[in-house]
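Next come the chains, spelled out residue by residue.
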Amino acid sequence: MLRFVDTEQDYPAQRAAAERVRDFKEINALFGPEGDAEQAARCSQCGIPFCQIHCPLQNNIPDWLRLAAEGRLREAYEVSSATNNFPEICGRICPQDRLCEGNCVIENGFGSVTIGAVEKYITETAFAEGWVVAGQPKQETGRSIGIIGAGPAGLAAADMLRRKGHAVHIYDRYDRVGGLMIYGIPNFKLDKHVVQRREKLLRDAGVQFHLCAQVGDTITLEALRLGHDAVLIATGVYKARALEVANHNALPALDYLISSNKQGLGDDAPAISAEGKRVVVIGGGDTAMDCVRTAVRQGAASVTCLYRRDRANMPGSAHEVQNAEEEGVVFNWLSAPHAFHAAQVEVQRMRLTSTEMGGRQNAVAIPGDTYRIDADLVITALGFEPEDLPTLFNTPELVCTPHGTIAVDRNFQTALPGLFAAGDIVRGASLVVWAIKEGRDVAAAIHRYVMASKVKAA
Amino acid sequence: MSNDFYSRAATLAAEGLYSPADEHDACGVGLIAAIDGKPRREIVEKAIEGLRNVWHRGAVDADGKTGDGAGIHLQLPHAFFREHIEAIGKNPKGQVLAVGMIFLPKKNFTAQEHCRAIVETEILRMGHRIHGWRQVPVVSQVIGDIANESRPEIEQIIIAANTGTEDFETELYIIRRRIEKAVRARAINDFYICSLSSRSIIYKGLFKAEQLTEFYPDLNDPRFISNFAIFHQRFSTNTAPAWHLAQPFRMLAHNGEINTLKGNVNFMRSHEATFGSPVFHGLEEELVPVIPDNTSDTGALDAVMEILTRAGRALPLAKLILVPPAWSMMPELSQAHKDLYSCCNSISEPWDGPAAIAATDGQWVIAGMDRNGLRPMRTTITRDGLLICASESGMVPVEEADIVARGRLGPGDMVGVHLGEGKLYHDRELKDYLAAEQPYGDWVQKIVNLKDIVGDAAPEPVSAADGTTLRQRQKAAGYTMEELDAILLPMAATAKEAIGSMGDDTPLAVLSAQHRPFHHFFRQNFSQVTNPPIDSLRERRVMSLYTRFGNDGNFLALDKSHSKILLAESPVLLGYELQALTRHFDKRITYISTLFDVHTGEAGLREALQQLVTRAEEATRAGASFLVLSDRGVDAQHATIPMILAVSAVQSHLVRQKLRKKASIIVRTSECYDVHALAVLIGAGATVVHPALAEESIRAAHASGLLKDLSLTQALENYREAMSLGLLKIMAKMGISVVSSYRGGLNFEVIGLSRALVAEFFPGLPSRISGIGLAGIATRLQAQHEAAFDDTGSEALPVGGFYRARAARGEQHGWAGESIHLLQTAVTKGSYQLYRTFSASIAALPPIHLRDLLDFKFAATPVPLEEVEPITEIRKRFIAPAMSLGALSPEAHETLAIAMNRIGAQSNSGEGGEGAERYQPRDNGDNANSGIKQVASGRFGVTAQYLMSARELQIKVAQGAKPGEGGQLPAFKVTVEIARLRHSTPGVSLISPPPHHDIYSIEDLAQLIYDLKQINPQALVSVKLVAQAGIGTIAAGVAKALADKIVIAGHSGGTGASPWSSVKFAGAPWEMGLAEANQVLTLNRLRHRVTLQTDGGLKTGRDIVIAALLGAEEYALGTAALVAMGCLMVRQCHSNTCPVGITTQDEMLRKKFDGTVEKVINLMSFVAEEVREILASIGARSIDEVIGRSDLLRQVNRGSEDMDDLDLNTLLSQADPGPHPRHSTRGVRNEVPDTLDRQMLEDATGALERTEKIQLAYNVRNTMRAIGTRLSSAVVARFAPDALMEDHITLRLRGSAGQSLGAFLARGIRVELLGDANDYVGKGLSGGTIIIRPRPSSTLVPQEQTIIGNTVLYGATSGLLLASGQAGERFAVRNSGADAVIEGCGSNGCEYMTGGTVVVLGDTGYNFAAGMTGGMAFVYDAGGNFPLRLNEETAIAQRLASGYWMGVLKAMIERHYQETSSPMADQILASWEWQSTHFWQVCPKEMLARLAVPLSDAREQA
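As you go down the protein sequences, you meet chains A and B in turn. Going left to right, the first sequence walks through residues 24 to 481 as my numbering numbers them. Going left to right, the second sequence walks through residues 199 to 1700 as my numbering numbers them.
Simulated from the structure, these hints should not be mistaken for laboratory data. Since the model is a prediction, treat every value here as computed from it, not as a measurement. Hints are not guaranteed to be accurate.
[What the hints assert, rightly or not] Beta-carbon label-pair distances, calculated as ranges:
no.: 1; chain 1: A; residue 1: Ala52; chain 2: B; residue 2: Ala656; range: 43 to 49 Å
no.: 2; chain 1: B; residue 1: Gly1028; chain 2: A; residue 2: Ala366; range: 51 to 57 Å
no.: 3; chain 1: A; residue 1: Asp432; chain 2: B; residue 2: Gly831; range: 42 to 48 Å
Where a beta carbon is used, it is the ideal one built from N, C-alpha and C, also for glycine.
Let's have the full structure, built from the sequences with the hints guiding it.
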């Protein structure tokens, strides 16, 4: 360990941009055993692990780095999976440069430990070696839990609850398991088989999936609550944040991405394709990056990203910006859409204001300073907002916050007894890693709740 | 002074932190004996004169007059008493007389009468006659007020023996013991029999040595004649005066300290059950307990030695039994001596600790030394037949021409006179004499070795164990992945303990919300000031882990029964060995389970303990010799009683039942995996420990390939080695060398166990704040057990978090990511608001420190903030504590110094020296000169110039990170720059010894303080101690030694790298140490004379004000200052990989340093501002107002529900300050008396002012100390370092020079001494020249005589010493540049040396060149014994093989001859060709590749 003083930071090989834009396969290779151990051994084994502090899951990163460096991958997986249900997913899609790696003590001056890549390697090795097995409970508790939403929060909660011996039923309105992990995130970041592998493990453990089940439509919330000892709402947030420009014809990012992902899963050709088009994507988050890079792969004539702040103030992962740039995406910083014209977008130039300590800088328009760019397809990726669940679920007594998210107490309980909520629908649009964290926490709360109550008559 | 000192002390003992049991003493001691056994008046007179010449080894109380005690033991002057008897009209003719010297209660006449009646009754009961009482004339005006207050009525009772009595002395002994018992039964205090004998009498009391004859005019009577005299001057750490503690005792006078007292006393209780001796006529029961309660260490040793000699052991044999030499690793000993020592070890566990002893039983008069030789004892034999032994040469003046031999006692040595035979026995003769007395060789044959029983058995690899159950048991026993991977397995892999840095910021075990193993409640004790810790690595030969089972023979008998024992080499037992043992002893071995039903709670636990001790007692009574306490079989239902609790319960029960000696306690436990747990188990009384689960864990790791290609046997042996070495280290830091004396001694302080629990199961252990009892233990055990067995989630062990912070289920740490970030942002931006957010975040943490349970009593009306003293005043009290350049990068070190200087505060250089270029401010005004210069045990870079550059000199006796231990600067940190400052070689590792080799006791500390006040006539001297139980009395001693400031460091702080077991488990919180020191100093009216400073994890204004209220005036912020400079608590300081450039010497990493002077100043200013706000809120305008105002604090949290109590009132208790304020009023510094240098400075005007060469001549005495030091100070102040010729000022001295001759002697001064000198010659020699040779009138052969004392050239950096004669122990220890020629030396010569060239023209003692990593030595060895005496760990020895080095050697011997006319040098030079083949050249291994000229010419040619 502590080899950062003499070992340079290194990432697993990345496919060349010219090659990778031709398909939707993952762009990052896996470490080999030597590369993994060597990079893990750069860890300084800090007295205070800032990587862990800034990990939503509080993963014991220094510990599994050390185990990986020592070649003790099985134990590394045990430690890593003890705090994280889907480490191979986090290893792929977490914005490590803003979380663990971004706070690595040696980042300044040496380059942080490549934590995500090691995490991915550990877990892929665990899958390859057959160490990853379904979380079979030792005994059944006789309790039954219903979970609405098969996204990361719901799946993590299901995993934890099933291990405790509860019967777990997951209801999702889509036809596949995974939520945004399956329909939102493109394959080149997270290959679908990675998610489906987890789905299979959960099924093997006995988790029941009820797909194409739209609460408030095909089934009622009331029925779920009657049928289960507890119900968890983990629907995520899907409603695209609106673009505040009059008369725009922009497409919401999710519509675009779902269409593309379905194709990747072998469904019909996408309803919307960027092929041959001049594409403009508005937004600077990870979803925007997914859109621009998808467009590149669909064969767009050009792809431009508009973001109202500058590169330093991007909310998304810097790695993703870099990947996109390599793949030919043009970034127009300090640019916001001002008006839409036929096959053109009029762009307002922005400037940054000074700010209070800590927060991001605000962007304000420079009056009169606009320019136009060509656009055949405009996609907005301005973030997501919660849908109106009380209406959707036909449950007006469900209390929401002013932001539209569901109000819960410290134990994730909603206003209704036995009804819990967690994930994006509670905290607002966020990262997969936060969804896993909430899924784990709410599972613990539900476990306490159901164990304290009598078994419902079957 | 008020006359209720005792009641104040008693109150403080009851309510505060003072414990009278903690007092220590040390002193000057001596004896004179007539070799022909014939009494002379001269002996008495010489002894009295000797006492007058050791005043500087004693101390004076706060009243300026009361000494700590002195006394003399003489032959009974029959003529003197006969006259008295005749005067009262009786005729003593033909009678055998005895006299009792008795202290009676003075003020309570009823009690006095009772005592007289008891004394008379017991004498008559034995059938003897009484001639009456004699009131001893005393002159009370000469003694101090405190002494007078407590002065007893001093009377003598004169007895005539019943005719027909065969052994009057034995009967007098029995009479005395009966009297003592009877008086104790009546609960009468202040009664004490100094002596009751027909042979000898003791006059002693609470006065200074020179007042002996003034107080007791009897002694001036010419009829007081004697064939021996033993005399003693005491220096007590504390000032609680006690007449009966003055020495000599009935048998002995002792300079030193018994470190193993508790264990010895406990085992003595067991030995008593075996007592049987024909001489006592069946009265043995009346003689026990041999050691009455509240006896001092020396008193206890005296009592045991007395009963052994009364039972018929010759006095020298009793000394060997109780204070044996180290022998098992001494290759040169004869088999007869080894057999003798082996039998002695079987009779009794040693009384271990520094000891120079003078003793008599009326037949023999002996002087003896402990196994380490840690106290000085110089011997002189005169032409007219006197043996004189004394702490200092010259103490008893003798004409040079009358001396026939000058010598010294080495480690374990004795010298004695048999008064009856009229014969002198030197060490060898004495031991030959004893070895021939009994067939020891035959007896030893009977000893069985564990190895013989085990035979060929070896650990067998097991297939991978059932992972789940192993893990469950690991979890139940509190294992974490961290403990396993960071602590346990490294021991198996490397045979060493793991290292950590940056202190301990986790909660005390009692405050933790996590499961904490039981051994975490015990804090290791350690030596500071009053006795030295030992270097268990470099001085391994004196250490012993030999463990003896089954020695249950009659303690008072000397026969073969003592050899019916089983011997094991280490107290760590592996599984296959326990199996073999079990098979072998079959019916004599009984297994007792420590399991209980974990769901039965407190009641179940209590019942289990009861059953446990009952079964242990029954088994022992039924004849079991081995009790195995086993926790095998832990499952979901059953947990184990914490094994330490089980062992101590059994141990204390068996001791009470006097059965302990009948059975050995073997422990088979899951809970012991680290060295601290092992130490606590052994300390609680375990004979051996089988760490079963640790062994199983290693097996599992081995099976899964984690230990690479290590064999299982090797891995287990590695683990045993690491555990054994760790145990040795823990013993050694207390100054204990032998595990048998450590066992059962409970040398710990408990923090957080309930008083009731401790009183019941750990009798004698301090537990000052109480804590959890059986109920809490049961609750916590159950929670831990359920967590281990109710596991539906991951199977992985918890990751841990005790050593390094972990978020999930990890231990709380005081420094967290968020708080570090807040503080760094605050100091970078200069935002006080952000600092307050930081401070609030610290305050919001769950309790970590004791202070977190306290809060202020806020004033009803706060003081307006603007009326509180400004931050400029407050900041001056802040210190950037000692962090050496070596530990810190130069950038960080200088930044701290500049910042602290800029705000009028001080930084501390640490122990690594400081470059002279920093002594003057820079051109831009920045001053990087550390105000405080540290003097630590390594003395690195401690030159006269360095010492003179300071405003304060700090003697670091201990440091929070590793009290009682030395350190090692690894080779990769010794850069060119570091090597320059430390006077060493780049790339070669440096070792700091655990003790200061010039501080083995309190009077030595006084001497070092004296030396430092000579070399720097302005600087204050501070002494840094680490908090522990008993620090109050140590602090009092330090104050009496004339320190100006005392630093109390807490266990938690400390940035230094050291073994984790030391970082985590040694020392106590500063809150306790500071409060105790403040209370005891105040009680003794010493508080106002010294400033108190504290450190250890201070972060915020709240910490500072609490420290002030508990008594501190100054506050050191170490870690906080580092964090302000960018430290992220990576805790890898020892790896040289600090990613922020603070604790590294790596060029690349140093560039990452981002700290600035401003950030440090911001921190200090913010903390000061917060202090102001708090002061205002408690109604104070300045810090001075609130120092010691613990009444302004209240306890706001009594810990968790399941505790018996957690009571901090002992910390908040206030001692009565009398007429003095509660803080220091010392204006300048506490001045020390002048020495010869005062005269010399006047006489040297020419040399100093007009820069002329001069020569001065003086007669000197042993009372003139540190000659030349003050003069050096003047020379260094006046001249540039290399400006003067070697002999600019020549001092010609004649006589016996006092200690520290030529300490820090500067270049330009040449000392020529005709005569001899005492300890510490050339200490810190800084370029000066010292030449010592016998007086021309001497007829001695110089090379056969001891001419200089112990620890000569300690820490010398340059200069020359030539001495025609031998040196004592530890010659040239830590020498880093001086050259020397001497003609023989004691043990541990050239230890830790890093530079200079030493030539020894004669024999050395053992362990030469231990830890030597630089410099060169040449040893003349005609007999070819030297290789046996070399410590081969770090150095090699070879015959001369290089023309160059032969030239170097010859030139030095020629110079030696030129300067001293040494006959030895002459003889060698006369036939150089032949003689030069007798030399060994000793060279450190690390230097071999770095020498400019190699050791062998041949190799060069090849």
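Worksheet item: Does the hinted range 43 to 49 Å hold for alanine 52(A) and alanine 656(B) at CB?
Response: 48 Å, holds
Item to complete: Look at the Cβ atoms of aspartate 432(A) and glycine 831(B) and judge whether their distance stays inside 42 to 48 Å.
Response: 45 Å, holds
Discussion item. Holds or violated: the 51 to 57 Å window for the beta-carbon distance between glycine 1028(B) and alanine 366(A)?
Written reply: Hint holds: Cβ distance 54 Å, inside 51 to 57 Å.
Of the hints listed earlier, there is not a single one the structure fails to meet.
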